[in-house]
Amino acid sequence: DAGVIQSPRHEVTEMGQEVTLRCKPISGHDYLFWYRQTMMRGLELLIYFNNNVPIDDSGMPEDRFSAKMPNASFSTLKIQPSEPRDSAVYFCASSKGARIAFFGQGTRLTVV
Amino acid sequence: TQLLEQSPQFLSIQEGENLTVYCNSSSVFSSLQWYRQEPGEGPVLLVTVVTGGEVKKLKRLTFQFGDARKDSSLHITAAQTGDTGLYLCAGAAMEYGNKLVFGAGTILRVKS
Numbered sequence: 067d068a069g070v071i072q073s074p075r076h077e078v079t080e081m082g083q084e085v086t087l088r089c090k091p092i093s094g095h096d097y098l099f100w101y102r103q104t105m106m107r108g109l110e111l112l113i114y115f116n117n118n119v120p121i122d123d124s125g126m127p128e129d130r131f132s133a134k135m136p137n138a139s140f141s142t143l144k145i146q147p148s149e150p151r152d153s154a155v156y157f158c159a160s161s162k163g164a165r166i167a168f169f170g171q172g173t174r175l176t177v178v
Numbered sequence: 077t078q079l080l081e082q083s084p085q086f087l088s089i090q091e092g093e094n095l096t097v098y099c100n101s102s103s104v105f106s107s108l109q110w111y112r113q114e115p116g117e118g119p120v121l122l123v124t125v126v127t128g129g130e131v132k133k134l135k136r137l138t139f140q141f142g143d144a145r146k147d148s149s150l151h152i153t154a155a156q157t158g159d160t161g162l163y164l165c166a167g168a169a170m171e172y173g174n175k176l177v178f179g180a181g182t183i184l185r186v187k188s
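Chains as they are written, first to last, in the numbering used here: chain A, 67 to 178; chain B, 77 to 188.
Simulated from the structure, these hints should not be mistaken for lab results.
One thing to keep in mind: the hints can contain errors.
[To be verified] To be clear about the criterion: a stretch of chain B counts as covered by chain A if any three or more of its residues have a C-beta under 8 Å from a C-beta of chain A, and this derived list gives those stretches:
(1) 98 to 104
(2) 164 to 175
[To be verified] No farther apart than 27 Å at their CA atoms in a straight line, the calculated lysine-lysine pairs in the DSS-like style are these:
(3) B:Lys146 / B:Lys132
(4) A:Lys162 / B:Lys132
(5) B:Lys175 / A:Lys144
(6) A:Lys162 / B:Lys146
(7) A:Lys162 / B:Lys133
(8) A:Lys162 / B:Lys175
(9) A:Lys144 / A:Lys90
(10) A:Lys90 / B:Lys175
(11) A:Lys162 / B:Lys135
(12) A:Lys134 / B:Lys175
Glycine is no exception: its CB is placed at the ideal position from the N, C-alpha and C atoms.
All chains should be built: construct the whole structure from the sequences, respecting the hints.
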């Protein structure tokens with residue numbers, strides 16, 4: 067298996083622009099998680115899905131953030147409009163069952 | 077306040093030395109995981125412990141889950157430069173909806 071695949075690996079955008087991050091989970095996994103990692107706050111859970119249904123989005127910082135999982139093999143995290151404080155590494159992770167997560171390589175987002 | 081407190085935050089040692097890093101909480105966890113993360117990569121799962129008092133060994137790494145399932149430790153024997161990285165503990169606690177939450181991590185640097 068190729069593991070969790072995220073794209074793009076790096077994204078530089080201007081403040082106010084829309085940003086879409088993409089994730090392909092491991093086939094057969096029923097949970098998908100979006101995390102954000104910064105030096106100040108470490109790894110924070112933003113939202114997670116079970117069988118494509120959002121279960122808990124309490125970690126999503128603001129209405130500017132939204133996530134979708136239209137099918138079992140694809141998820142997006144969208145930020146609109148983006149702000150400099152959104153700069154971070156965003157990780158997607160998937161698992162079979164809620165407790166063990168396999169992470170992608172992350173998307174490093176820089177908002178200037 | 078972090079649900080999982082990791083210590084020390086940073087550790088720099090010489091190759092061949094032993095070390096222990098800690099993960100502590102006031103909450104009881106149904107399971108706890110340890111991950112290692114290298115620069116530019118996502119966290120990689122090392123081990124999962126589920127039973128109070130459990131000890132697991134992975135080559136030179138020894139993981140222990142506290143009897144009360146509130147804390148864990150990772151001991152590395154004869155550290156090697158390849159052990160350098162960020163070590164993260166993560167746990168699922170019923171009082172937090174069994175979501176996987178992460179500690180801030182311990183940055184380990186092993187010098188040759």
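Checked hints:
no. : hint                : in the structure
1   : 98 to 104           : violated (count 0)
2   : 164 to 175          : holds (count 6)
3   : B:Lys146 / B:Lys132 : holds, 17 Å
4   : A:Lys162 / B:Lys132 : holds, 22 Å
5   : B:Lys175 / A:Lys144 : holds, 22 Å
6   : A:Lys162 / B:Lys146 : holds, 24 Å
7   : A:Lys162 / B:Lys133 : holds, 24 Å
8   : A:Lys162 / B:Lys175 : holds, 14 Å
9   : A:Lys144 / A:Lys90  : holds, 15 Å
10  : A:Lys90 / B:Lys175  : holds, 21 Å
11  : A:Lys162 / B:Lys135 : holds, 26 Å
12  : A:Lys134 / B:Lys175 : holds, 19 Å
Hint compliance for this structure: hint 1 alone is broken.
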